[in-house]
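Please construct the entire structure, taking both the sequences and the accompanying hints into account.
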Amino acid sequence: NAGVTQTPKFQVLKTGQSMTLQCAQDMNHNSMYWYRQDPGMGLRLIYYSASEGTTDKGEVPNGYNVSRLNKREFSLRLESAAPSQTSVYFCASSEARGPYNEQFFGPGTRLTVL
Amino acid sequence: SQQGEEDPQALSIQEGENATMNCSYKTSINNLQWYRQNSGRGLVHLILIRSNEREKHSGRLRVTLDTSKKSSSLLITASRAADTASYFCATAGGFKTIFGAGTRLFVKA
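Respectively, the protein sequence lines represent chains A and B.
If you read the first sequence in our numbering, its first letter stands for residue 26, the second for the next number, and so on.
If you read the second sequence in our numbering, its first letter stands for residue 200, the second for the next number, and so on.
Accuracy of the hints is not assured; some may be wrong.
DSSO-like cross-link-like pairs, simulated, lysine-lysine; straight-line CA separation at most 27 Å [what the hints assert, rightly or not]:
id : chain 1 : residue 1 : chain 2 : residue 2
1  : B       : Lys269    : B       : Lys295
2  : A       : Lys82     : B       : Lys307
3  : A       : Lys82     : B       : Lys255
4  : A       : Lys96     : B       : Lys295
A few chain A residues facing chain B, derived, Cβ under 10 Å [as the list claims (entries may be wrong)]:
id : residue
5  : Gln31
6  : Leu38
7  : Leu70
Read the hints as simulated data drawn from the structure, not as lab findings.
Quick caveat: nothing in here was measured; it's all calculated off a predicted structure.
The C-beta atom is built at its ideal place from N, Cα and C for all residues, glycine as well.
Structure follows, in structure tokens:
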């Protein structure tokens, strides 16, 4: 099992460009999450999907959109990238419909917006 | 608004010593989790303690939870150089899990 995979690993964008970060999990988990991690800060939740077909805003959703394509895949889209979106992005998944189980994280995507 | 706050922000110890990290939070929780992050990697789950538990052990890890003080501690005994990482507490009071800023642990060989 690969666990949670993310692509790409690194990306450099110019202000105003768009891109989609891909995430897939092979653990048959119901819930998936997107976080961003900035220096000196913990992870902040951008969006989450409690189950296939549903998505909800997290703590910092502005400037992002998500798609739960199927049970395995959850993508994060930046429509018009801004320097403030320079960060490391992590996708995670968990088994239960709720916070009671551990989350499994992908390796992250390091995004720089110039 | 972050729920968990770790203390200290950074900790440097010798191999073989114990490392203690603390976490404080603000509102009621269902459970509290500790995660580890090696440099440049994703987070790895270490241990989960439910709100009705006071202490939990897993190998060299010991976690305590005091809901009256809204605090938790993570003890790593007999630390090793491989324990060098950042450690995060995460609180779950609803569906969302909120992470603190982390404690950076450096274990010198």
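Results for each hint:
Distance check on the hinted pair: Lys269 of chain B and Lys295 of chain B sit about 18 Å apart at the alpha-carbon level, within 27 Å; holds. Taken as a hint, the Lys82 of chain A and Lys307 of chain B pair is broken in the structure, with Cα atoms around 41 Å apart against an allowance of 27 Å. A hinted pair counts as satisfied when its Cα atoms are at most 27 Å apart, and Lys82 of chain A with Lys255 of chain B does not qualify at roughly 33 Å. Distance restraint check for Lys96 of chain A and Lys295 of chain B: the Cα-Cα separation of roughly 19 Å lies within the 27 Å cut-off, and the hinted pair is therefore satisfied.
Evaluation of the Gln31 of chain A hint against chain B yields a held restraint, the C-beta minimum of about 8 Å falling below 10 Å. A cut of 10 Å between beta carbons decides the hint on Leu38 of chain A: the least distance to chain B is about 20 Å, and the hint is violated. Taking 10 Å as the C-beta cut-off, the interface hint given for Leu70 of chain A holds, the closest approach to chain B being about 6 Å.
Hints 2, 3, 6 from the earlier list are contradicted by this structure; the remaining hints agree with it.
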